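Number of protein chains: 2
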Amino acid sequence: MQYFPPALESLVEHFAKLPGVGVKSAQRLAFYVLSLPEEEAAAFARAITDAKAHIHTCPVCQNLTEGDGPCPICASAKRDASTVCVVADPKDVVAMERSREYQGHYHVLHGVLSPMNRVGPDDLHIRSLVERVAAGGIEEVIMATNPDTEGEATAMYLSRLLKPFQVKVTRLAYGIPVGSHLEYADDATLVRALEGRREI
Amino acid sequence: MQYFPPALESLVEHFAKLPGVGVKSAQRLAFYVLSLPEEEAAAFARAITDAKAHIHTCPVCQNLTEGDGPCPICASAKRDASTVCVVADPKDVVAMERSREYQGHYHVLHGVLSPMNRVGPDDLHIRSLVERVAAGGIEEVIMATNPDTEGEATAMYLSRLLKPFQVKVTRLAYGIPVGSHLEYADDATLVRALEGRREI
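If you read the protein sequences in the order shown, they are chains E and A. If you use the working numbering, the first sequence corresponds to residues 1 to 200, in order. If you use the working numbering, the second sequence corresponds to residues 1 to 200, in order.
Everything labelled a hint here was simulated from the structure, so no lab data went into it. Quick caveat: nothing in here was measured; it's all calculated off a predicted structure. Incorrect hints may appear among the rest.
The list cannot tell twin chains apart, which means a pair is met if one copy fits it or any two copies do.
Straight line, CA to CA, 20 Å or less: simulated EDC-like cross-link-like pairs of lysine to aspartate or glutamate [claimed, not checked]: (1) LYS17 <-> GLU38; (2) LYS163 <-> ASP92; (3) LYS163 <-> GLU38; (4) LYS168 <-> ASP50; (5) LYS24 <-> ASP92; (6) LYS163 <-> GLU131; (7) LYS163 <-> GLU152.
Pulled out of the complex, with its shape left as it was, chain E reads as follows:
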């Protein structure tokens, strides 16, 4: 027999499909939604349909944006169009922007090369990156994929791909994170930190 009313059961099922949400959590979330004031729940539902309807990828950098034109960063006259920072994910753009240091443009791959998960070059926004570089006007491409195996491999693959275009390809520096302790740094990080040491 049906334990919850169908409308509640359906809501639980939708929550349970979310990544990292099990059936018990989904029930808790569904009960929470039931406890919301009418207009709050309506706003939540609207946020879902609105996000789905209005969010698109920027035709230039493939980052998420609203509307059809280029994203605010690509459209901004204040940003340096000669530098392109290549990241795996829109969340990485957020991390870079938070630092308030980078003033160039981006290119969002929407993933990294991963033979294990059957993600090849055609599954990422690589062709559009090559086309941007081939079109000229770009002097430096900064690889800012994650410093793990797949991120490294993706950066290496792209740097080889971009070589014919006479563009400078750089990689974010490795080293000890600011504010951390040497004793907790792993060997690979320490090796990279030594290799990358600078005169002070």
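Guided by the hints, dock chain A onto chain E, whose structure is given.
Only chain A this time, still in chain E's reference frame:
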């Protein structure tokens, strides 16, 4: 500056309000929703508004139900109306129903007495329980609140409240959970299991 497009930011904020969901998880959930096919996302949004619109509490037992009348359990002619099982939460009804053993009715308190969280008798569906018992026809009230301090206190409070009505008030048995190991049972459970021992 705005890091995500506003529609995405708004969706993240809604997810972040859910219990147990932090900002990072909320971002992950929002990106998941963006990755859904159009109709899936629309169905999710609809599930929220539908649940909110159609789910009500049963006027008799206060369990969640669809529509305005009594819930299917209260309306069923097959269930024994002379026994009422008092639970704290609609989820507890689900747990009881799953056992397929109980054939009586329910009464859902929607919480337990908790002076720490300022939950008093008037915040729970206690008055309606007393009215049901006072109306007659009920022979036994089974207290099935959780076996913790607040659940115990609530059961004790209710049993005293129902005493004048000459109704049998019982409590679910305590003991070793079926399939568990004695060595992992806590002292309080073992004491209760000994107290409640039966001849075989």
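Structure-based check of all given hints:
{"no.": "1", "hint": "LYS17 <-> GLU38", "verdict": "between (24 Å within a copy, 15 Å between copies)"}
{"no.": "2", "hint": "LYS163 <-> ASP92", "verdict": "neither (24 Å within a copy, 64 Å between copies)"}
{"no.": "3", "hint": "LYS163 <-> GLU38", "verdict": "neither (57 Å within a copy, 39 Å between copies)"}
{"no.": "4", "hint": "LYS168 <-> ASP50", "verdict": "neither (40 Å within a copy, 55 Å between copies)"}
{"no.": "5", "hint": "LYS24 <-> ASP92", "verdict": "between (31 Å within a copy, 12 Å between copies)"}
{"no.": "6", "hint": "LYS163 <-> GLU131", "verdict": "within (13 Å within a copy, 82 Å between copies)"}
{"no.": "7", "hint": "LYS163 <-> GLU152", "verdict": "within (17 Å within a copy, 72 Å between copies)"}
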